[in-house]
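Peer 1: Sequence:
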Amino acid sequence: MNLIFKGDTVDMLVDGVWSRQLTRANFDATKRKLLWMQNGGEAGIEIDDIVVTPTS
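Numbering follows this note's numbering, with no gaps: position 40 of the sequence shown is 40.
Each hint should be verified, as a subset may be incorrect.
[Unchecked claim] Straight-line distance between alpha carbons at most 25 Å, and here's what the computed SDA-like set of lysine to any residue pairs gives:
(1) K6 with E46
(2) K6 with S19
(3) K6 with R24
(4) K6 with G16
(5) K6 with Q21
(6) K6 with W18
(7) K6 with A25
(8) K6 with I45
(9) K6 with T23
(10) K6 with L22
(11) K6 with D49
(12) K6 with I50
(13) K6 with R20
(14) K6 with V17
(15) K6 with V52
(16) K6 with T55
It should be emphasised that the hints constitute simulated quantities derived from the structure, not laboratory data.
Let's have the full structure, built from the sequences with the hints guiding it.
Peer 2: Structural data, given as structure tokens:
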């Protein structure tokens, strides 16, 4: 998963197949970027209202 922060938007790319752009105020703040990474784990990752789960 790649997250590309630009001002108040973030481009999310998964395996070069799926992408989505979200716009939220203050995405460019360092603290906000770190909070995004806290919701990951073996069951997948949750970003805003998007849930990415591993496949076998």
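Peer 1: Against this structure, judge whether each hint is valid.
Peer 2: Status of each hint after checking the structure:
no., hint, verdict
1, K6 with E46, "holds (20 Å)"
2, K6 with S19, "holds (15 Å)"
3, K6 with R24, "holds (11 Å)"
4, K6 with G16, "holds (19 Å)"
5, K6 with Q21, "holds (11 Å)"
6, K6 with W18, "holds (19 Å)"
7, K6 with A25, "holds (11 Å)"
8, K6 with I45, "holds (21 Å)"
9, K6 with T23, "holds (10 Å)"
10, K6 with L22, "holds (11 Å)"
11, K6 with D49, "holds (19 Å)"
12, K6 with I50, "holds (19 Å)"
13, K6 with R20, "holds (14 Å)"
14, K6 with V17, "holds (21 Å)"
15, K6 with V52, "holds (22 Å)"
16, K6 with T55, "violated (29 Å)"
Hint 16 from the list above is the single one not met by this structure.
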